[in-house]
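Those protein sequence lines, which keep their order, are chains A and B.
Quick note on our numbering: the first sequence kicks off at -11 and runs consecutively.
Quick note on our numbering: the second sequence kicks off at 7 and runs consecutively.
Calculated from the structure, these hints are not laboratory results.
None of the values given here were measured: they were computed from a predicted structure.
Be careful, since some hints might not be right.
As the list claims (entries may be wrong) - Dumping the calculated DSS-like pairs for lysine-lysine here, alpha-carbon to alpha-carbon at most 27 Å: (1) B:LYS84 <-> A:LYS33; (2) B:LYS30 <-> A:LYS(-10); (3) A:LYS85 <-> B:LYS30; (4) B:LYS74 <-> A:LYS85; (5) A:LYS(-10) <-> A:LYS67; (6) A:LYS85 <-> A:LYS67; (7) B:LYS84 <-> A:LYS67; (8) A:LYS30 <-> B:LYS74.
Stated by the list, open to error - Derived coverage of chain B by chain A (criterion: at least 3 residues anywhere in the stretch with Cβ under 8 Å from a Cβ of chain A; other residues may be distant): (9) 69 to 81; (10) 84 to 92; (11) 112 to 118.
Unchecked claim - From the derived model, a few chain B residues whose C-beta atoms are all more than 10 Å from chain A: (12) PRO14; (13) MET21; (14) GLY22; (15) SER33; (16) GLY34; (17) SER101; (18) ARG108; (19) GLN109.
Virtual Cβ for every residue (Gly too), placed ideally from N, Cα, C.
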Amino acid sequence: RKEVEQDPGPFNVPEGATVAFNCTYSNSASQSFFWYRQDCRKEPKLLMSVYSSGNEDGRFTAQLNRASQYISLLIRDSKLSDSATYLCVVNPSGTYKYIFGTGTRLKVLA
Amino acid sequence: DAGVIQSPRHEVTEMGQEVTLRCKPISGHDYLFWYRQTMMRGLELLIYFNNNVPIDDSGMPEDRFSAKMPNASFSTLKIQPSEPRDSAVYFCASSPSGGNLRQFFGPGTRLTVL
Chain A
-11 RKEVEQDPGP
-1 FNVPEGATVA
9 FNCTYSNSAS
19 QSFFWYRQDC
29 RKEPKLLMSV
39 YSSGNEDGRF
49 TAQLNRASQY
59 ISLLIRDSKL
69 SDSATYLCVV
79 NPSGTYKYIF
89 GTGTRLKVLA
Chain B
7 DAGVIQSPRH
17 EVTEMGQEVT
27 LRCKPISGHD
37 YLFWYRQTMM
47 RGLELLIYFN
57 NNVPIDDSGM
67 PEDRFSAKMP
77 NASFSTLKIQ
87 PSEPRDSAVY
97 FCASSPSGGN
107 LRQFFGPGTR
117 LTVL
């Protein structure tokens, strides 16, 4: 089983739609979680950290479920500019390492 | 402010040749990471340094790969000899010490080994 698993998609959604991605992780001792965004042929960039109580940043909401070992990302009112690959990142306890999922590709259609 | 700088941005070489990738982390960042990204395997951590010292190189695929960090502002990833399966995008990232663990990525080097 992979340490971090994501549905690769693609998710094709119309503008204005709400879309959600999930990501599961295998190491129950993982401490920190992030969502990164990667545009085609560009480097990954931090979208948001994921906190235990859940957190929101504008149209984006991240949730953590430790009992089931998954994190989620919800995007409301999708924009064309949200089209990208969304990478789930898990940080094992006690290290500075990142473990990346393979990414979920989102395409927002006009 | 300058972000993480990588060079070259693109490299095309022939099998058997030595390849050296370069990275300048963000000034003041204590951690430096080398990643490889392919379609099949996604982003994989190769090695990371703290204060110029290699901490974890368990992701380095084999002895053909080596990485150095001679000072706080420079690191290299060398492949010798290169093979076609090494073709990938290689990213360098840096991170400050402290609680938030955020990593900042460079633009990557796209390596093609013919």
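Status of the hints after comparison with the structure:
no.	hint	result
1	B:LYS84 <-> A:LYS33	25 Å, holds
2	B:LYS30 <-> A:LYS(-10)	31 Å, violated
3	A:LYS85 <-> B:LYS30	19 Å, holds
4	B:LYS74 <-> A:LYS85	18 Å, holds
5	A:LYS(-10) <-> A:LYS67	31 Å, violated
6	A:LYS85 <-> A:LYS67	32 Å, violated
7	B:LYS84 <-> A:LYS67	41 Å, violated
8	A:LYS30 <-> B:LYS74	25 Å, holds
9	69 to 81	violated (count 0)
10	84 to 92	violated (count 0)
11	112 to 118	holds (count 3)
12	PRO14	15 Å, holds
13	MET21	24 Å, holds
14	GLY22	27 Å, holds
15	SER33	18 Å, holds
16	GLY34	16 Å, holds
17	SER101	7 Å, violated
18	ARG108	6 Å, violated
19	GLN109	6 Å, violated
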